[in-house]
Amino acid sequence: EKVVAKTEKPKEEVQPKPEAEVSESKSSRFYSPLVLSIAQSEQVSMSELESIKGSGLNGRVQKNDILSYIEERKKGKTEVKKEEAAQAPQKEVKAEVEEKKEPVKAPVSMGGNDQIIEMDRVRKIISDHMVMSKKVSAHVTSVVEADVTNLVLWRERIKDQFSARHGEKLTYMPVFTEAVARAISEFPLLNSSVEDYKIIIHKDVNIAIAVAKPDGNLVAPVIKNAEQKNLVGLTKNLNQLADAARKNKLSVEDYQGGTFTITNFGSFRNLIGTPIINQPQVAILATGSIEKKPAVMETPTGDAIVVRHKMFLSLSYDHRVIDGALGGAFLRRIADILEEFNIDREV
Numbered sequence: 001e002k003v004v005a006k007t008e009k010p011k012e013e014v015q016p017k018p019e020a021e022v023s024e025s026k027s028s029r030f031y032s033p034l035v036l037s038i039a040q041s042e043q044v045s046m047s048e049l050e051s052i053k054g055s056g057l058n059g060r061v062q063k064n065d066i067l068s069y070i071e072e073r074k075k076g077k078t079e080v081k082k083e084e085a086a087q088a089p090q091k092e093v094k095a096e097v098e099e100k101k102e103p104v105k106a107p108v109s110m111g112g113n114d115q116i117i118e119m120d121r122v123r124k125i126i127s128d129h130m131v132m133s134k135k136v137s138a139h140v141t142s143v144v145e146a147d148v149t150n151l152v153l154w155r156e157r158i159k160d161q162f163s164a165r166h167g168e169k170l171t172y173m174p175v176f177t178e179a180v181a182r183a184i185s186e187f188p189l190l191n192s193s194v195e196d197y198k199i200i201i202h203k204d205v206n207i208a209i210a211v212a213k214p215d216g217n218l219v220a221p222v223i224k225n226a227e228q229k230n231l232v233g234l235t236k237n238l239n240q241l242a243d244a245a246r247k248n249k250l251s252v253e254d255y256q257g258g259t260f261t262i263t264n265f266g267s268f269r270n271l272i273g274t275p276i277i278n279q280p281q282v283a284i285l286a287t288g289s290i291e292k293k294p295a296v297m298e299t300p301t302g303d304a305i306v307v308r309h310k311m312f313l314s315l316s317y318d319h320r321v322i323d324g325a326l327g328g329a330f331l332r333r334i335a336d337i338l339e340e341f342n343i344d345r346e347v
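Each residue of the sequence shown is one higher than the last, beginning at 1 in the numbering used here.
Treat the hints loosely; a few may be bogus.
Claimed, not checked - Within a straight-line C-alpha distance of at most 30 Å, the following computed BS3-like cross-link-like pairs (lysine-lysine) qualify:
1. LYS213 x LYS134
2. LYS75 x LYS224
3. LYS134 x LYS159
4. LYS53 x LYS135
5. LYS124 x LYS224
6. LYS159 x LYS53
7. LYS236 x LYS135
8. LYS247 x LYS75
9. LYS292 x LYS236
10. LYS75 x LYS213
11. LYS124 x LYS134
12. LYS249 x LYS236
13. LYS203 x LYS74
14. LYS293 x LYS159
15. LYS224 x LYS213
16. LYS105 x LYS74
17. LYS135 x LYS124
18. LYS75 x LYS159
19. LYS198 x LYS134
20. LYS124 x LYS75
21. LYS124 x LYS293
22. LYS53 x LYS293
23. LYS249 x LYS53
24. LYS159 x LYS105
25. LYS105 x LYS75
26. LYS213 x LYS74
27. LYS203 x LYS224
28. LYS169 x LYS292
29. LYS105 x LYS134
30. LYS213 x LYS169
31. LYS213 x LYS249
32. LYS247 x LYS236
33. LYS292 x LYS53
34. LYS169 x LYS159
35. LYS53 x LYS124
36. LYS159 x LYS74
37. LYS134 x LYS224
38. LYS203 x LYS134
39. LYS292 x LYS249
40. LYS224 x LYS169
Just so you know, the hints here were simulated from the structure itself, not pulled from any lab data.
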């Protein structure tokens, strides 16, 4: 009888992972998907991310923080070690961004006459930001119609006098901004941000205004402390930011700190839209075109059909924080402020 000796397979040695690798891939700081996406596209290593001073809650790195860092790096103001940029953390950043499965993309068919345009850096950031916002926030949009006849008649009467006195062109946007700031004082939850399961209500009302640049890209410079400015101050601030945007002269600080956004569809004669929330804010207001419409008005002798100036206001808000009753009441309050505009107001 043959005896077969059992031979054990030699155990494979488990090589411990170098501590440096672990410390770089597992950061104690939280980075949003947008920040990680920008870091990946701009080749910012995890070591560099760790060195960026964040302006968010508990030092969290915001979009504007990393964009400022990238601009400074391009100007040579920020020292980047070659060995840091060459290390593996770039893969780690990608891994964190791709934790969630991406939706299957439909194949794109291209013909011989099709033109392919490569997105520039700003367009890529806007693209990532919009997609991320739809994934992060539970978007809901409410719409109201506002009778702004008093406002239209007032502006028509005052605009030349305003320009002569203050040297500024008077548009409707400063009035919309003023109305939003007033409504926020009554509904402060609309001036908030979400951090995990925490709601941060901002005391300063910093209203971002969407502005189209000559290259077609959309930017949203911020009017800081809008609640503290009068109509003249808002007009000057708005015109200065809009002019700087069109001339590509906005600074990084001009984009920072927004707590609410207004976008004006009316400048393109659009009536209604469903805007995407500007993260990490929780709401965005879209103002439609002001149009003459027939309306029924009550008079002492009965109802009458009259011509009125009307517009639609669309509010997209984050249902994680803002319920329909609150969002609807806030939007209605903005409309009421505009409808009750004092036609005899002096500035």
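key: Index of numbered hints that the structure contradicts, given in increasing order   = Going through the list in order, the structure violates hints 3, 6, 7, 13, 16, 18, 21, 22, 24, 25, 33, 36, 39 and respects the others.
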